[in-house]
Amino acid sequence: MRPGVDIEEAENGSPDFMESETLWQTLKSPVYWLSPFIPAAWIVPYFVGGVPADVKFVIAALALIPLSAIMVESTEQLSHRSGEVLSGLLNATFGNAPELIISMIALKAGLLDVVKASIIGVIQANLLFVLGLSFLVGGLTHRSQNFNRRGVRVERSVLMIAAISIIIPSVFDNFVSPEMYQHENALNVCVAIVLLVTYAFNMLFMLKTHPHYYSPKSGGESSPPDNCWPLPNALAVLFLSSVMLALMSEVLVGSVEETARNLGLSKAFIGIIIIALIGGAPESVAAVTMARKNKLDLTLGIAVGSSIQIALFVAPILMLSSFFIAPKPLNFVVGNVGIMIVLFPVMIFSMIAADGKSNWFKGIQLLSVYLIMALFCYFLPDMPNTPIIKP
Amino acid sequence: MRPGVDIEEAENGSPDFMESETLWQTLKSPVYWLSPFIPAAWIVPYFVGGVPADVKFVIAALALIPLSAIMVESTEQLSHRSGEVLSGLLNATFGNAPELIISMIALKAGLLDVVKASIIGVIQANLLFVLGLSFLVGGLTHRSQNFNRRGVRVERSVLMIAAISIIIPSVFDNFVSPEMYQHENALNVCVAIVLLVTYAFNMLFMLKTHPHYYSPKSGGESSPPDNCWPLPNALAVLFLSSVMLALMSEVLVGSVEETARNLGLSKAFIGIIIIALIGGAPESVAAVTMARKNKLDLTLGIAVGSSIQIALFVAPILMLSSFFIAPKPLNFVVGNVGIMIVLFPVMIFSMIAADGKSNWFKGIQLLSVYLIMALFCYFLPDMPNTPIIKP
Amino acid sequence: MRPGVDIEEAENGSPDFMESETLWQTLKSPVYWLSPFIPAAWIVPYFVGGVPADVKFVIAALALIPLSAIMVESTEQLSHRSGEVLSGLLNATFGNAPELIISMIALKAGLLDVVKASIIGVIQANLLFVLGLSFLVGGLTHRSQNFNRRGVRVERSVLMIAAISIIIPSVFDNFVSPEMYQHENALNVCVAIVLLVTYAFNMLFMLKTHPHYYSPKSGGESSPPDNCWPLPNALAVLFLSSVMLALMSEVLVGSVEETARNLGLSKAFIGIIIIALIGGAPESVAAVTMARKNKLDLTLGIAVGSSIQIALFVAPILMLSSFFIAPKPLNFVVGNVGIMIVLFPVMIFSMIAADGKSNWFKGIQLLSVYLIMALFCYFLPDMPNTPIIKP
Chain X
10 MRPGVDIEEA ENGSPDFMES ETLWQTLKSP VYWLSPFIPA AWIVPYFVGG VPADVKFVIA
70 ALALIPLSAI MVESTEQLSH RSGEVLSGLL NATFGNAPEL IISMIALKAG LLDVVKASII
130 GVIQANLLFV LGLSFLVGGL THRSQNFNRR GVRVERSVLM IAAISIIIPS VFDNFVSPEM
190 YQHENALNVC VAIVLLVTYA FNMLFMLKTH PHYYSPKSGG ESSPPDNCWP LPNALAVLFL
250 SSVMLALMSE VLVGSVEETA RNLGLSKAFI GIIIIALIGG APESVAAVTM ARKNKLDLTL
310 GIAVGSSIQI ALFVAPILML SSFFIAPKPL NFVVGNVGIM IVLFPVMIFS MIAADGKSNW
370 FKGIQLLSVY LIMALFCYFL PDMPNTPIIK P
Chain L
10 MRPGVDIEEA ENGSPDFMES ETLWQTLKSP VYWLSPFIPA AWIVPYFVGG VPADVKFVIA
70 ALALIPLSAI MVESTEQLSH RSGEVLSGLL NATFGNAPEL IISMIALKAG LLDVVKASII
130 GVIQANLLFV LGLSFLVGGL THRSQNFNRR GVRVERSVLM IAAISIIIPS VFDNFVSPEM
190 YQHENALNVC VAIVLLVTYA FNMLFMLKTH PHYYSPKSGG ESSPPDNCWP LPNALAVLFL
250 SSVMLALMSE VLVGSVEETA RNLGLSKAFI GIIIIALIGG APESVAAVTM ARKNKLDLTL
310 GIAVGSSIQI ALFVAPILML SSFFIAPKPL NFVVGNVGIM IVLFPVMIFS MIAADGKSNW
370 FKGIQLLSVY LIMALFCYFL PDMPNTPIIK P
Chain Y
10 MRPGVDIEEA ENGSPDFMES ETLWQTLKSP VYWLSPFIPA AWIVPYFVGG VPADVKFVIA
70 ALALIPLSAI MVESTEQLSH RSGEVLSGLL NATFGNAPEL IISMIALKAG LLDVVKASII
130 GVIQANLLFV LGLSFLVGGL THRSQNFNRR GVRVERSVLM IAAISIIIPS VFDNFVSPEM
190 YQHENALNVC VAIVLLVTYA FNMLFMLKTH PHYYSPKSGG ESSPPDNCWP LPNALAVLFL
250 SSVMLALMSE VLVGSVEETA RNLGLSKAFI GIIIIALIGG APESVAAVTM ARKNKLDLTL
310 GIAVGSSIQI ALFVAPILML SSFFIAPKPL NFVVGNVGIM IVLFPVMIFS MIAADGKSNW
370 FKGIQLLSVY LIMALFCYFL PDMPNTPIIK P
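Chains as they are written, first to last, in my numbering: chain X, 10 to 400; chain L, 10 to 400; chain Y, 10 to 400.
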């Protein structure tokens, strides 16, 4: 973004874009016709009193679509310059910014169960729903798609560490009496620090010592796009669309809880399925788009990278922050349901993605598991005590 | 089978076979000298009053051997025409027909525990016992055997879905109170439908879009056999031997329960080990025979294909049927023992078969796990409440 | 070792070594300057009355370092003659001799919990700590290291069998009432026999039928070392250093319990972490040394081979011996904590090592999991009943 351009203007999604003819060409795509919903999601509640939650929900959901699309476009523009590794990382980072922001707000309000549910829900949604849909959509036009399996093999064991880091404190919780509360907090803080350190080493590995593990194997178009954005524009659009996505997600999440309650859904279903799907909508669109373009390494970078980042970076940061901003500390204790929701996706992902190949049926398999687990959450009744996660 | 040949005659196992000289050549093998036990299993109880269950059991078991052998022979005859994929599929289908028939009868009689035990028992027996014995027998004559690992890698994640579909309702059962009975039934029905749809897509994948994932890698004799049966004969023999196998299995199962009770065996052992082994005897013989002939892709098609079909097709069909034919609906709730009995075989199979190679020690490993789990069932005491599966 | 050389002399670590100039050259390495601690660990408690446990602990720990180093050296000398398979096997055997001796003594004293804790602790320490440190150290000087993945793939399923053999009796224990005590003992004895038979077949597979599965892939120096020891010397040094290591481990273990109690550590932490790390110190040093020399097949032979030997040979032998030498029989029941401590290392090892490649980040991953599980044991409070394993 050039100096002197006002953020306010850029946020409305038009002035900055018009300056660049190539950006404008991009925006002619029909998906951007939904752009008016972006300001509408903000304006409607202010001007029209007593808007029902359902309406807010639909407007915000529609607004997310063009935002996700512009984010995908800007990420792809950057990927031609920075390589797919860094690009996928950028995408995952900006894709998880909404998560972090939403969770911080929920944490401050003391909604610890919702935070925990959405963390495990996002990991599950990324590995099963986003990747499943990507494999299916990609497989409909390509008989078999390839990706760099070396990176995936590293990632599956990192995901296993994430699963273990959630199982260990949950099992510990079964052994301690209330007076051992101090020990439990100490264990959770230590685990959070181990995860953060592991995440830092993972970044070092991906970006410095072994970037070739993550370089693309897929034969997607490696030629630069016809309309190439200037670097600052691409960065600015990526940043701004992330910010808007976060804000829009918040509107959505704020209204989805009431909407869902009206529809008689359980809290587990809201936290683990609805919030996670909405919070991860941008990554979903981006990952599926890349799969259709046969850039499966970018798809995996987004979906798997996002899961790792949630588990090894966002979750520990939230836990450590909770000691300062939340009424009581957040921990990793998620009960047997939470353990299943993290462990099964990691196990089935490990089996399916380890050979560096995908096809439509692999997509169907991942979606089947997602559907079975979503049905489980849907039918699970609300419990009186710590309802979402630990009945 | 030519038109005009009486089914009764064919069932006695001789007239139809004699017509074809090549069939006759086949029947000269010593294993067919046990054929008289086939009619004996039917005749003896009618003519001799008060035959003890033990005697019936032995006669029926001996009768199964020639029936299995002729079924293997006819399947192999078909495999030269239809390719190993379709042949393995045919074999698995006809191998599971007895299972489906026996389970339907048990379901009608309200023996839900026996049905559940035999379903999980068959999956375990196929993955551990049948495959273990095949790898061992094949490995005794071949230093290393190869099979198409692409298909196996797809199948192991399908099996993982099967395991998850059994674990999820079992875990759900721990959370619901009796008044949530409706929710539990609804979850089970939905999971059954997801499994059936996944199974249909699996067929589409195997037979239409990716048959090369299942085409043989092993260098077994691809030349046609010396004595080639006419196609209608091969089909007729396959069909009739399946029917006879089903009937014989029923005699066997009807007598095995009493036999086992006399011998002081627990219900878990009867359901999970004895009934599963007997119901799966035809597949066992077929799979081991193919392994000895170095046609390991056919072995896997039989053993693994059969497990998948039981989990994703037979079990859901039984559950949905139970609402119409059983006194109370069947569900997938199998308790912690049932979860172990499905999950461990799937996990160890995934580890052992993923590289597309087998040797005798892999067979020993699978058999060791089978032995440990059979010992567990053997020593497990009968519980007062839902004894087999959920103590 | 030449005939006529006194064992006493050799045990002091000098006379026999001096005779051979090449041995002497080896001993000039600075690590052997710690050798005086070997006799000191024996002499000090006799001459100085009332030595605190902490002092004994430090002396014995320092004494272990040169002993481990000489053991590594002699194993390497043998590896140039006998091939890495047999060498790794020898190393694992001599590395586990201390374990077996210590456990036998603890068994006789009725410390069944300590025995069980150290068995599962050693498996965990080998797969996570020793292998993690080896991968990390090796990866610091080599961008990527290779090893023979065929052997590792066999070993991971053998380890899975080991995990199942621990889970099955532990689950069984939940189902039986006290009067079923006989059944539980019978199951444990049967499982022990299955494991011993599997271990014997594993040896046959490794040494006779498929040794090429374990032959080195790494490009380490295959040329013989500059200073080549005579075969009898190498064998004698290996044997004597093993004996001394066993004795030294005993001093260490005898003092570590008191030391740890003074420091306020839980029994779970002592058994699973401290004793396992100390008992496995020789293998650790050997495995890491080999990794630094890019002989990763030897590293795996030591770390993984040692785990398999502990699970499939040492543990069953201890159990069967317990009927004769212990006040009450040992079993494999380890509770949920014990199941986790065996299962997670096996699962993450399977994911990380299956592709036959290692790098520094794989080491970090294994160490992270080890750290998380060690923290779990550290914070786990001592329970009144069967404190270490089954709270």
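Don't take each hint at face value.
All copies of an identical chain are treated as equivalent in the list; a pair is satisfied when it fits inside any one copy or across any two copies.
List time: in silico SDA-like cross-link candidates among lysine to any residue, alpha-carbon distance up to 20 Å [said to hold, decoys possible]:
(1) K65 x Y387
(2) K117 x P338
(3) K217 x Y387
(4) K366 x R158
(5) K217 x T150
These are computed hints drawn from the structure, not numbers from a lab.
When no copy is named, should K217 and T150 be tagged within, between, both, or neither for a Cα gap of at most 20 Å?
Close across copies (15 Å), not inside one copy (34 Å); limit 20 Å.
Between K217 and Y387, at a C-alpha cutoff of 20 Å, which is it: within one copy, between copies, both, or neither?
neither (43 Å within a copy, 34 Å between copies)
Under a CA distance limit of 20 Å, which applies to K65 and Y387: within one copy, between copies, both, or neither?
Result: close neither inside a copy nor across copies, 23 Å intra and 49 Å inter.
Between the shortest in-copy and the shortest cross-copy C-alpha distance, which are at most 20 Å for K117 and P338: within, between, both, or neither?
Within one copy only: 11 Å inside a chain, 47 Å across chains, cut-off 20 Å.
Evaluate K366 and R158 at a C-alpha cut-off of 20 Å and name the case that applies: within, between, both or neither.
both (8 Å within a copy, 13 Å between copies)
When held up to the earlier numbered hints, the structure conflicts with 1 and 3 and fits the remainder.
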